[in-house]
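Based on the provided sequences and hints, a complete structural model is requested.
Chains as they are written, first to last, in the numbering used here: chain S, 1 to 219; chain D, 1001 to 1263.
The hints are simulated quantities; they were obtained by calculation from the structure and are not laboratory data.
Certain hints may be false.
Unchecked claim - One side of the interface only, derived from the structure: several residues of chain S facing chain D at Cβ under 10 Å:
id, residue
1, Q127
2, I132
3, P135
4, Q177
5, M210
By construction, the Cβ of each residue, glycine as well, lies at the ideal position given by its N, Cα and C atoms.
Next come the chains, spelled out residue by residue.
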Amino acid sequence: MTQWSGYFGLILQGALVTIELTLMGSVLALIMAFLAGMGRVSRFFALRWLATAYIEFFRGTSIFVQLFWAYFVLPFIGISLTPLQAGVLALGLNVGAYAAEVVRGAIQSIGREQYEACTALNLGRWQGMRHIILPQALLVMLPTFGNNAIELLKATAVVSLISLTDLTFQAQVVRAQTGNTLVPFTTILIIYFILALLISWGVRSLERRMARGLDGVRA
Amino acid sequence: MSASAPIIKIDDISKSFGSFKVLDGLSMQVMPGEKLALIGPSGSGKTTILRILMTLERIDGGHIQIDGEQLYHMERNGQLLAADERHLTRMRQKIGMVFQLFNLFPHKCVMDNVTLAPMLTKGTPRAAAEKRAMELLEMVGMADKAKSMPAQLSGGQKQRVAIARALALSPKIMLFDEVTSALDPELVEEVMNVMRKLAAETDMTMLLVTHEMGFAHDFADRVLFFDRGRIVEEGKPDEIFRNPKQERTQGFLKKIIAAGHRV
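This is how it looks when you write it as structure tokens:
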């Protein structure tokens, strides 16, 4: 039993790495999503093109290959990343590309009358975006952002391939050392599931808090 | 500027949506302080005129002068160039608009709806913006709802807030686009009362597009009857409503009366 508790400790350490990766990857994904999503609706052709190229490229290529590129290929052009940096970069850029389309869709879902009210009140493009359009669009984005975050959490498992000691990596270590497959893999299955539930729950409560003002029961 | 110069001067403008010509060589002038009612069948171009003045639609041809300055053109070295965003922003300060569907910001309370634009576009400090907003909300009878969210208000209340919001920027010209059309019948009167008061108490220039002929009659100094992108007939409310000269005006008014509207 003492032997197992040591192995569980190992897996919990892996869980911390996975959580760390998920949080940092989500932050990068969020930044990329807003940059590229707003780039897609920019009135400047170059920005639209750049955003579209980024989105199509990172959606259209495998996250495995992106990760290998970040970790194994970038050193050839003089950029050496730690496994964690490479993992955050690949995950953030990949999921950010999906989330950028969420940002674009949400911005475009806000009715034309809101944009016209901004014009009639003489707000600048950025003022209208910042104070009127984005706050309303954020509420539309949130549920899908929750999905994206869960996708990102699950995708963190690929970083075990570049020897980052995340949940999946540690489960393999435990399996190699104990010869037991059922226990480590069932354990991490449950941990991934719990983490995903936590994200769902977090996003839902955030959604409720933000929606409160809109249906008119703001305190 | 002398009082006799028009504040709006529309000169031979045209506007098409696809192959549909909404405005066709339209010219008209509005004097400072004038209260104008634009009436006519749907698709006659009256709402389009308001939207063009608010820069929500661009013109295909012609010129518009607001308060002595070109709206869609800039004068540079004696040449007329297409207006850039900076010029439009400056021109928009002279104009305010109230929409058929209110277009309030649903995520902001009544007070914030009214104070947002003055604070952002004029740099008005919050305290001053809120003081002015309270005066305006009082005028439209909505002071007690300052902390409410738009979703908690009736249509008539929303529209009164929208009027206060447009007034907060102190425009010289106010455009009202069918502001009572989306309201339940019992709520129409409260909005009309606010506008009557506004018309009586201020010297703002006001353009009103409406299907409420009785209201147009009471509100306006001058009524323009539009059909197919042109002004068919214009005159004092009594002339147009009691004694229309053009056949098309007569036909339109007959139909409106048949539909149960008061004249």
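| Going through the earlier hints one by one, which of them does the structure break, listed in rising order? | 4
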